[in-house]
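So the chains spell out like this:
There are 2 protein chains.
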Amino acid sequence: MNHSINRPARSGSGPVVALLLFDGLTAIDAVGPYEVLSRVPGASVVTVGKRTGLVRTDSGMLELGVGHTLEQVSHADVLVVPGGDVRELRADDQVLEWVRRIHRRSTWTASVCTGSLVLGAAGLLRGLPATTYWAMRAELAGFGARYVQDRFVEADRIITSAGMSAGIDMALHLAAKLTDDRVGQALQLLVEYDPAPPFDTGSPEKAGADLQRLALDLLGLPDAARTGTR
Amino acid sequence: MNHSINRPARSGSGPVVALLLFDGLTAIDAVGPYEVLSRVPGASVVTVGKRTGLVRTDSGMLELGVGHTLEQVSHADVLVVPGGDVRELRADDQVLEWVRRIHRRSTWTASVCTGSLVLGAAGLLRGLPATTYWAMRAELAGFGARYVQDRFVEADRIITSAGMSAGIDMALHLAAKLTDDRVGQALQLLVEYDPAPPFDTGSPEKAGADLQRLALDLLGLPDAARTGTR
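Protein sequence lines correspond, in order, to chains B and G.
Take 196 as the starting number for the first sequence in the numbering used here and just add one per residue.
Take 196 as the starting number for the second sequence in the numbering used here and just add one per residue.
Heads up, a few of these hints could be off.
A pair counts as met if it fits within one copy or between any two copies, since identical chains are not told apart.
[What the hints assert, rightly or not] Lysine to aspartate or glutamate pairs mimicking EDC-like chemistry, simulated, CA-CA at most 20 Å apart:
| id | residue 1 | residue 2 |
| --- | --- | --- |
| 1 | Lys401 | Asp280 |
| 2 | Lys401 | Asp376 |
| 3 | Lys245 | Asp405 |
| 4 | Lys401 | Asp375 |
| 5 | Lys245 | Glu258 |
In short, the hints are calculated from the structure, not lab data.
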């Protein structure tokens with residue numbers, strides 16, 4: 196019934212990218228990689244969730260559309276798991292089993308921000324170096340992963356990214372792996388990624404303890420809400 | 196009937212941000228600023244479009260939800276106009292009149308990427324320095340604006356950004372203007388914006404002519420489609 200979805204029609208010879216969407220996701224975790232990977236020649240991006248319809252982002256004021264259920268997508272060349280409030284997701288056996296199933300045959304499985312905790316809960320990070328949102332570094336050890344402080348970390352067929360905006364860096368790297376450096380370079384120009392942040396406070400070390408506390412306050416979630424240790 | 200929307204309820208003392216969404220928009224143009232501005236203390240982000248429901252992004256594989264019609268939103272402290280395929284938008288008198296009306300009383304009016312062409316078509320850029328997507332630089336002159344090559348350009352109450360990812364830089368600057376530098380700095384950490392692009396090809400000058408051509412090919416739209424010169 197869903198043959199065209201189970202084996203998504205390729206608009207070219209490019210990869211099929213499955214983007215997992217869920218209530219509480221951080222919008223840019225999904226949209227950063229989407230913007231880059233959707234421009235890979237011939238690529239098709241399939242949005243996947245527990246239900247089709249709309250999911251609401253963590254900050255509550257934006258909705259994204261989900262095109263396909265988990266059951267409708269049984270294969271993808273690339274799996275992207277964004278982060279956000281992943282407490283429910285990382286305890287959802289149906290989701291974790293789907294992640295494992297897609298990963299089994301994917302070329303690349305990627306996460307952004309706390310999406311790595313979902314990969315971890317699915318058992319995919321055991322013994323691997325990985326990264327995650329700066330405030331959640333301690334969580335990775337619980338999944339048998341070794342935290343590495345980097346913009347993104349590639350190990351085996353898995354690429355984990357640091358928080359939110361890091362998904363753009365990761366996706367450009369991934370796009371180049373899927374094609375070649377020249378396409379990666381052109382995609383970086385396409386999204387005009389020539390960053391000039393107004394401050395130099397993008398990492399916890401650069402920001403210092405006071406700004407770390409303020410950032411977590413602004414996030415509006417108690418630390419516990421993002422760790423899953425309710 | 197829509198008093199609560201015409202004068203949006205403030206969750207605190209923060210700004211009301213109107214984010215214009217439309218079919219053909221570039222997702223990251225909207226989501227980059229959304230991710231930052233929605234975290235400004237007390238801010239509420241209102242998604243606005245010609246119709247409520249869903250809009251489809253330019254690359255066609257992602258949908259965003261529109262919460263309010265133009266008629267339902269008559270005031271915002273901050274207006275954000277993302278870019279993408281703006282051919283219809285910049286010729287739509289209802290949209291342009293709404294942009295002018297919101298701008299009349301906004302504290303800041305901002306654009307990302309080719310969103311500046313909508314501000315230009317609304318007559319807001321006459322005599323001002325402004326910026327836009329790298330491939331569309333020549334278009335700004337037609338609106339009486341003077342193109343400036345920068346990540347974002349502030350003039351009067353208007354802040355225009357360069358392409359796509361530049362909306363993140365702009366929004367951090369804008370968030371600091373709306374609050375103070377300390378909050379801006381904490382927001383940069385919150386979105387973990389410590390960029391480490393895999394290449395050094397994020398501007399047309401750095402990329403060179405060959406990559407510029409490839410980037411426009413990958414964009415999948417003929418140059419004319421983005422200029423409005425059908």
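Worksheet item: Tell me, which hint numbers fail for this structure?
Response: Result: hints 1 and 3 break, sorted rising.
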